[in-house]
Structures are given as C-alpha cells and as structure tokens.
Amino acid sequence: MEKVVIKSTADKGRGLYATELIPDGTTIFEEKPLVSCQYSWNTAYGYLACEYCLGPLETAERNVQRLANDPNIMLPRAECCPVEANLVNHTKCVQCGVLYCSSECLNEAQNRYHATICLGAEVHNEQHPVNVLVDFWKKMHYPPETCGIMLFVKIVGLFRQTADLQALQAQLQDFVHKSVNEDLLIFHKMLGEKFTHQIEQLYQLFCSAFNIESDDRLSWLTPEGFKSLIALVGTNGQGIGTSSFGDWVKNVGACKMEDKERQAVDELIDDLYSKMDDVVGTFLNNEGSALYPKQSKINHSCAPNAETVFPHSNHILALRATRDIQPGEEICISYLDECNAQRSRHTRQKILKEYYLFVCQCEKCESQITDPDETSEDEDDDDDMEDSD
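In this text, residue positions in the sequence shown follow the working numbering: the first is 1134, and each later residue adds one.
Simulated from the structure, these hints should not be mistaken for laboratory data.
Misleading hints may appear alongside valid ones.
To be verified - Pair ranges (Cβ atoms, derived):
| no. | residue 1 | residue 2 | range |
| --- | --- | --- | --- |
| 1 | 1302 | 1279 | 21 to 27 Å |
| 2 | 1156 | 1227 | 43 to 49 Å |
| 3 | 1277 | 1150 | 29 to 35 Å |
| 4 | 1219 | 1307 | 29 to 35 Å |
| 5 | 1279 | 1455 | 19 to 25 Å |
| 6 | 1153 | 1241 | 31 to 37 Å |
| 7 | 1177 | 1235 | 19 to 25 Å |
| 8 | 1264 | 1235 | 23 to 29 Å |
| 9 | 1217 | 1436 | 38 to 44 Å |
| 10 | 1496 | 1221 | 48 to 54 Å |
| 11 | 1219 | 1279 | 27 to 33 Å |
| 12 | 1347 | 1406 | 48 to 54 Å |
| 13 | 1236 | 1497 | 44 to 50 Å |
| 14 | 1205 | 1496 | 48 to 54 Å |
Stated by the list, open to error - Straight-line alpha carbon distances no greater than 25 Å define the calculated SDA-like cross-link-like pairs of lysine to any residue that follow:
| no. | residue 1 | residue 2 |
| --- | --- | --- |
| 15 | 1145 | 1306 |
| 16 | 1140 | 1460 |
| 17 | 1136 | 1157 |
| 18 | 1486 | 1504 |
| 19 | 1430 | 1474 |
| 20 | 1383 | 1449 |
| 21 | 1427 | 1147 |
| 22 | 1360 | 1309 |
| 23 | 1430 | 1357 |
| 24 | 1383 | 1371 |
| 25 | 1483 | 1436 |
| 26 | 1389 | 1444 |
| 27 | 1272 | 1358 |
| 28 | 1140 | 1153 |
| 29 | 1497 | 1459 |
| 30 | 1165 | 1147 |
| 31 | 1383 | 1408 |
| 32 | 1408 | 1209 |
| 33 | 1497 | 1476 |
| 34 | 1497 | 1469 |
| 35 | 1383 | 1221 |
| 36 | 1497 | 1148 |
| 37 | 1225 | 1293 |
| 38 | 1389 | 1400 |
| 39 | 1486 | 1330 |
| 40 | 1165 | 1380 |
Glycine included, every Cβ here is placed at the ideal spot set by N, Cα and C.
Assemble the whole structure, with the sequences as input and the hints as a guide.
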C-alpha cells in the first residue's frame, strides 16, 4: 500500500496525506518526472549533464578543476566518484551530438521526445529557429535561473511522439490548480516585469521554431494555450541540482579512514569550496527543472514535515520525512528557501502572498499570529534593496 493519498479540501485544494505512520527519515516515495531539462545558461557555461536525466557527466576531479579554474587539482579516493566507473557508458545522439550518461537514457529520450526535436547538423547554427528561441529566452531570464525553455521544447516533442494524445493532455491538465491568470501572475513575479511585454514575441518565435500552425498535434498551442503552458510550467516546475563533486564529498565522508587522512581530506574539501566560491560563487551544480505529477500536489508549510531530495544524482526525486508523520496528517514541504524560511512571520507571509498568491495558515504562522506585523532591521534593509532594483 502506498504511504500517501491525494485528497482535496475546500481551503487548500489538493494535497498529499499520510495513510500510515511515516517515521522520520523515511523515503515516502520516489518519482520520475514527466519531463525535465537543464537550464540554458547552465548548459552554456559548460556544466555537463545528461540531456535526459541531468546526471553529471564530469568526474568529480574534472568538475572541481573547472569550477575552481585550476587544472592542477587532484582528488584522493577516486573510487568515491560515481562518474568514474560510468565513463565507459557515456554516449551521444549520432545526429546532433547531445550527450547522455547511458544508452538507456539516450533510448528513453529518442523514444519519448528527442527524435522529433533533434537539430542534427544544425545544432550549432545560431540562426536555426530553435536556437534563436533559446537565445531570446536567455536574454529574458539571466541566472539565477528558475525555469528552462527546453521544458517547453521537450513538451512539443512529447506531443509529436506520444501514442496517446488524450492521456498526455490529461497528464498536463492534472498539473493545473489555479486559473491561468493567477499562474501567469506568479510566473511574471519569477521572471520579472519585462516578461509581461515579451510573451507575445516568445510565442511567435515558438511558432516559427516548430511550425505550430501546420502541426495538428500542436493545435492546442494557440496564444492562450501557450500562456496556459507557461503558467503550468512556471508554477509547477521543481528545481533540480546535481554535482559529481558533491557526490564525491558525500561518499568520501562515509569512508572509513585514519584520523590523519580524515583531517587532510576535510581541510582539502574546505579549501576547494573556498576556491570555487571565489570563481563561480554559489553556482556549483548542474541545474535544471522538471514536472513531477505527484510532487506538484504537495502544499507549503513554514514548518514542513518533509523535503524533496535527489538521492541518485539525477532527475529522480525523492520525498523524505523530516519528522514522524501521523496517519491522516497532511504532508507539506517549504516553498521558501532556507534563508527566507527563518525570517519573521510577516516577511514569510509577504513573500508567499506576493509570489504564490496565498496567505499561509500553517501551524507555525498561526502560532506567531500575535507577532508584530513588521520586519526586523535586517529584513527592512533587504526590502529596501529589492525596492531599489
């Protein structure tokens, strides 16, 4: 029996609820996405990931050499890098040269979407309509990225190749939980005001790239249908991050070793993170986003009882309990990043209302309802900086 069930309530809409006691640390479920992609700027800057699953394609040593801009770095314990053993399995599309971590991922991509969106020999042609579309998107959406244009492109591929159009349309429709206008408002907040004025141009480029008007399978991609798709992706896309160096750090930390070696390894890791911070700042991972049917039903709480993780260093998502969850209890994650989650009730409510269009009534917010409706001095400073942008 599954540990969770999807239920609807009048105040929160759909949500995920426990069907049994779920102990702290339990993996509640794992889920493959309907579709995933690497962010465009992340790809352009040389972060090497499998086109299908976003698994790292660089060894940990090569990864840290690039991010620290130092080709002389050498890592001990090469056996702690999972990419090393898999290098022999790496492959690519023979038409366009896009890279995959295995023939299984290549075949999945070809069978699901890639066969009809592959650019072949035109992959590096800057004037190709798809590349023009991607370049336009990159100029709209500079790092830090929150959504990838290739999700839209791959969805086109899914519609061109699916054997069951109705089932695919139903899968996409199942992500919709607000009105298109509400979801578009959320997406505008994510991408900035300029997006409002560029959506029509983006649609024209999309039509040009895929000859939408002459493709019966894409007849739903009218201007309104395109807005609906943007709203759906923008509000349901889950960020993904993978890192071969991060995997090496985790694996080497689990190794048994003498105290002297442990101290040397820990000092090396600290030094390498410092060097990478000097060169790339916080941009350490292969980054992308994906659509997960079940995960997208999880509601927010400022005191969540679960978190999303990527234990296999690819696009397979796992939902993990962060405390004991009782039967019948709603399972919630935090939509806020770690920093904002620690801020005052007033600031959390402001962010959630502004970016997600709801007033949080979670247990933590209700317990702090008598707190002053004002921010701390530090938060006021942050707000002033945001207002001046």
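Cross-check of the supplied hints:
For residue 1302 and residue 1279, the Cβ-Cβ distance of about 25 Å falls inside the hinted range of 21 to 27 Å, so the restraint holds. A C-beta distance of roughly 48 Å is found between residue 1156 and residue 1227, which places it inside the suggested range of 43 to 49 Å. Take residue 1277 and residue 1150: their Cβ atoms lie about 33 Å apart, and the range 29 to 35 Å holds. The given range of 29 to 35 Å is respected by residue 1219 and residue 1307, whose C-beta atoms sit roughly 34 Å from each other.
A C-beta distance of roughly 24 Å is found between residue 1279 and residue 1455, which places it inside the suggested range of 19 to 25 Å. At about 32 Å, the CB distance of residue 1153 to residue 1241 agrees with the hint of 31 to 37 Å. Checked against the hint of 19 to 25 Å, the pair residue 1177 and residue 1235 passes, with Cβ atoms roughly 24 Å apart. Under the hint 23 to 29 Å, the C-beta atoms of residue 1264 and residue 1235, about 26 Å apart, fit the expected range.
Separated by about 41 Å at the C-beta atoms, residue 1217 and residue 1436 satisfy the suggested range of 38 to 44 Å. In this structure the supplied range 48 to 54 Å holds for residue 1496 paired with residue 1221, their Cβ-Cβ distance being about 51 Å. In this structure the supplied range 27 to 33 Å holds for residue 1219 paired with residue 1279, their Cβ-Cβ distance being about 29 Å. The supplied range of 48 to 54 Å is met by residue 1347 and residue 1406, whose beta-carbon atoms lie about 52 Å from each other.
Taking the beta carbon of each, residue 1236 and residue 1497 are about 47 Å apart, inside 44 to 50 Å as hinted. Roughly 52 Å separates the CB atoms of residue 1205 and residue 1496, a value that falls within the hinted 48 to 54 Å. Among the hinted pairs, residue 1145 with residue 1306 is consistent with the structure: their alpha-carbon atoms are about 18 Å apart, no more than 25 Å. Annotation: proposed proximity of residue 1140 to residue 1460 holds, straight-line Cα distance about 14 Å (limit 25 Å).
Note on residue 1136 and residue 1157: the hinted pairing holds, with a Cα-Cα distance of about 13 Å set against a maximum of 25 Å. About 18 Å separates the Cα atoms of residue 1486 and residue 1504, which keeps this hinted pair within 25 Å; it holds. For the suggested pair residue 1430 and residue 1474, the alpha carbons sit about 20 Å apart, so the restraint of at most 25 Å is met. Between residue 1383 and residue 1449 the alpha-carbon distance is near 18 Å, which keeps this suggested pair within the 25 Å criterion.
Annotation: proposed proximity of residue 1427 to residue 1147 holds, straight-line Cα distance about 11 Å (limit 25 Å). The hinted pair formed by residue 1360 and residue 1309 meets the criterion: a straight-line CA distance of about 12 Å does not exceed 25 Å. With a CA separation close to 24 Å, the supplied pair residue 1430 and residue 1357 stays within the 25 Å bound. Taken as a hint, the residue 1383 and residue 1371 pair is honoured in the structure, with Cα atoms around 23 Å apart against an allowance of 25 Å.
In summary, the hint linking residue 1483 to residue 1436 is supported, as the alpha carbons are separated by about 16 Å, within the 25 Å threshold. Between residue 1389 and residue 1444 the alpha-carbon distance is near 21 Å, which keeps this suggested pair within the 25 Å criterion. For the hint pairing residue 1272 with residue 1358, the CA-to-CA distance comes to about 23 Å; that is within 25 Å, so the pair holds. At roughly 15 Å between alpha-carbon atoms, residue 1140 and residue 1153 fall within 25 Å of each other, so this suggested pair holds.
Only pairs whose Cα atoms come within 25 Å are accepted, and residue 1497 paired with residue 1459 is accepted, the gap being roughly 18 Å. Note on residue 1165 and residue 1147: the hinted pairing holds, with a Cα-Cα distance of about 20 Å set against a maximum of 25 Å. At roughly 19 Å between alpha-carbon atoms, residue 1383 and residue 1408 fall within 25 Å of each other, so this suggested pair holds. For the hint pairing residue 1408 with residue 1209, the CA-to-CA distance comes to about 17 Å; that is within 25 Å, so the pair holds.
Restraint check for residue 1497 and residue 1476: the C-alpha separation of about 12 Å stays at or below 25 Å, so the hint holds. With a CA separation close to 14 Å, the supplied pair residue 1497 and residue 1469 stays within the 25 Å bound. With a CA separation close to 23 Å, the supplied pair residue 1383 and residue 1221 stays within the 25 Å bound. With a C-alpha separation of about 18 Å, the suggested pairing of residue 1497 with residue 1148 holds against the 25 Å cut-off.
Between residue 1225 and residue 1293 the CA atoms are separated by roughly 22 Å; this keeps the pair inside 25 Å, and the hint holds. Taking the CA atoms of residue 1389 and residue 1400, the gap is near 17 Å; set against the 25 Å cutoff, the hint holds. Straight-line distance between C-alpha atoms of residue 1486 and residue 1330 comes to about 23 Å, which keeps the hinted pair within the 25 Å bound. With a C-alpha separation of about 20 Å, the suggested pair residue 1165 and residue 1380 falls inside the 25 Å cut-off, and the hint holds.
The structure meets every hint from the earlier list without exception.
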